[in-house]
Every structure is written in structure tokens, then in C-alpha cells.
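The residues making up each chain are set out below.
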Amino acid sequence: MPPIVVVGAGQAGLQVVDSLRRGGYTDALTLIGDETWLPYQRPPLSKKFLLEEMDPARLYFRPAAHFSKQDVTLRLGVSVTRLNRTTCELTLSDGSTVHYDRLALATGTRVRTLPVPGADDPRVCYLRGLDDAVRVKARLVETSRVVIVGAGFIGLEIAAVARALGKEVTVIEAQGRVMPRVVAPLVSAYFQRVHESHGVRVMTDAQVQAVVNSGAGLAVRLRDATEIPAELIIVGIGVVPNTELAAAAGIICDSGIVVDEFARTNDPAIVAAGDCTRHRNTLFAEPHRLESVQNAVDQAKVAAASLLDVPVAYAQVPWFWSDQYDVKLQMTGISTGYDELVLRGVPESGAFSVFYYAGERLLAVDSINRPVDHMVARRWLLAGTKIAKHSAADVAVDLKSVI
Amino acid sequence: MPKITYIDLDGAAHTCEVANGLSVMEGAVANGVPGILAICGGSCACSTCHAYVDSAWLARVGAAADIEDATLDLANERRPESRLTCQIQMRPELDGLIVHVAKND
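Chains as they are written, first to last, in the numbering used here: chain L, 1 to 403; chain X, 1001 to 1105.
Treat the hints with care, since some could be wrong.
Claimed, not checked - Where chain X lies over chain L, by a calculated footprint (3+ residues, C-beta under 8 Å): (1) 63–74; (2) 78–91; (3) 322–330.
FYI, nobody ran anything at the bench for these hints, they're computed from the structure.
Given the structure is predicted, the values throughout are model-derived calculations rather than measurements.
Backbone N, C-alpha and C fix where the C-beta goes; we use that ideal spot for every residue, glycine too.
Next comes chain L alone, as it looks inside the complex (with noise of 0.2 Å):
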């Protein structure tokens, strides 16, 4: 079935070449990514990337004679402008084609841009690659005040970043809260305090007009007229899916390249993985699209199977982790449909954890600086376990005993 050629070289893409060798695949396979740097590690970028002095190079995940030994054609630097599905053809950025006879799309993500006037000012940065985060991290050097324009992770690990360097930062947040999307109300505050007591001056129900460049200097104005100073602004209001090239093909997409299961778009000879899919995983009801490294790496298993004609169905628990500060927040499962909050400890100690339960079904787990309930609520969302609410609700009982 050669050759295999995988489009997008972030950590989907890089799971996906490297389960097709551990796999067994031993014909041609191409990788191809849009950025020039081998396939590197994201999360840092948001993190320690910024906050110390660090060569790129210590980003990627594998050297570079790590491809050559393993027979993996990389071509970096060039997009994908046409997927052909006639002709099993995709035509590339530098005008040259490349013929598949199967094909995995891990096209990822692009940031959501600010939608304001004056957000093309250069002093308004977005962090999603690499490359980002190097001019984040020069302008950071030269600045003294920086505002964030949204209070996501990224924008909130920015933050902390920002204030251990030193700088003045205000966060401003569209909604009532800061990462309003995916925690409760509680874990928002929790995060807010902290932020607040590092001297961030957060701001949530704001919405950004403008950026201003007046004779007074760069500033965010806000719909209520207020005028926000900045050296810096850096934007942090979500992504959107790369589905053109998919869409293009006639590949069904809604919000994320369509996969089931097993991660096949409605292509027989075509996959998807990671960021840029809306998928099936047998644990859930609804198809879901999701942003983190677990599903890119899991997925990205998944994918290479049914390339490999072993096909394994999705079925694993959703987690994802943010660090700020000295604070680590773990969360697992997906907490949509909630209707009760179980908290285990108390917020004030600095180390909790939120159970989110639908009836008596457990749903998701927020623990903050708590990892071990992370770690066995992980266990038992995978084994489907009924975890009593008073138990969860009591510091006293060993969770670990509740298997």
C-alpha cells in the first residue's frame, strides 16, 4: 500500500510516522510540515520556552539523523495548496506534487485573530508555533508592559510568565471568567486570585474595541472607552481548525475534519488526527474536537492502525494539565452536562481537586496541585468506576483504595 504520506508534522503527525514504523510499515513514507523546524514540543513554548534562556534545538522531539535512520522523507517548510483525491495527488507550497496511495491529515490548528481595528500593529503577537514564540519572547526582552488579550490557558500562562520576568501585565477577558470555556465558576476564581496575587490586574467582562497607536503609545481600547497601555499586547482567543485543504476534497468537515472511530474521514484511503478532527471516541456519546496532546498522540495511534489495516477503535480518557506559576492544574474526562460540583479540599490551602458529576455518573476531574486524584480519577473514567460523592468529597479516604 506504499506510499503513506502524512500532512502536518506537529505531534500528531510525528505519532502518526512513528506507529507506522513501530507498526511494521516498512515502504515509503513522507512527512510533510509547513513550518522549517523538525517536529518539536508545544507545550513548552507557552511555559519554559519563554521564561528561560533556551535553544530551540531542545524543543525537538527527535534529532534530525532520527528521520534518515528511519526512512521518513521529511519536507519541511512547504504547505499543502490541493489534495487531488482522483488522482491520490497532493500539489505543495514549492509547485511539486507528491502521489499517495494513503494519506494522514494532522493539519492541526491556527490562532483565532483579533477582529479589531488596529490589531496588524507588530506589536500585537499570537503564540501557537515555534516561531511565535521566539518573537514573543524578543519582544518580551524590550518590554515592560504587556497585555493579554484573553484569559484561556495560553493566555494565562503567558501571564505567569510575564510577571516572573518581571513585567506589568493585565489580562483582559471577553467573559465574566477567566478560562470561562472549561472549568466551573470556582476553579475560575481559584485562578483569578492567584493570578491577581502575582500583581496580574485581571479584567474579565471586557471586550477589545481598538488597538490604539497614538502620540501617547501603543494601548488596547476597550468598548467602554477605556484605554489600556501596552508595549506589547499578545492575543489568546482560541484556534480554528485547518480544514481547507480537507473541505476542498470534498473531505466532510464540521468545525474539524470529520473521523469516526478509527479515525477515517469519509475517504477510505484518508485519516485524520489531532487537533483539526471532530471525532468519535467509543467513550462519549457526542463526537468531540479537542486541543491537547493526548488526543494528538492517541489519535494519532489510532490512525496509524487503520492505515496498517488493524484497525483499533478511539477509547480513552481526554486529560490535559496547565502550569502557572507554581500552580498545576490537571484536568481529565470532559465535564459538559454537569450538574453537581464535588470539591475535595479546600481552595484556600492552595491544593483541590473538582469532581464534576452528571447524576451519580463522574465526569471529569479539575485537581489543582492534587495529581494524584488526577491520576486515579484517569483510571476510573477509563474503567467507568462509580466513585460515591462523599467519597470524593473526603480528604480522609484513600482514593487509591477506591478501584
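Chain L is fixed; fit chain X onto it per the hints.
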């Protein structure tokens, strides 16, 4: 430069130079040591850089902190000498360190 010897799952030894300050995981990744996956990028979140510290080195390497200890519970075949290599920083007294790569898939 200090050296670390990684013994992979097939028993092959990979002796690599790893600068002080890098993690034992980073040394493995930079040198293409098979089996150290490190999918979370060294954030102590995933357990896929799990290795067994050679018994002669255990005392010098030291014990895992709480968060690492909890994360190790997810690792395959945890043993008393289990560590997440992203949490061990290379330093002069670890020159010559030997670690055995665990099953990380």
C-alpha cells in the same frame, strides 16, 4: 561534558554527552535514544519518559517529588527505582549515570 548511559528495551547501551542543566529526558531525546517519548515535553504530566535508575546511582539521583510520584502511578511496571527522566537535571555528580528505559508505549 558529562555522560549518561541509557540502556534501551532491547538491551542496547547508548552513551551520550549531556550538558549540566539539561534533563536526563532531554539528553535521551536529543540523542535519539529509543523509548523515551516525553510526549508532554517535560511537564511532568504524562509518564512517557519513565526509566529505571541503575541501583548504583539511586542514592545520588534522589527521590521523586510528590507530583512526579503521583504521575509515576500511570507508568507501566513501576518499580522502586522508577523515575521520570524529565525531572532529573543533569549535574556534575551524575556524570556516568546509568538508566534503563522502561516500556513507555
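List, from low to high, the hint numbers that the structure doesn't satisfy. Per hint list: single violation, 2.
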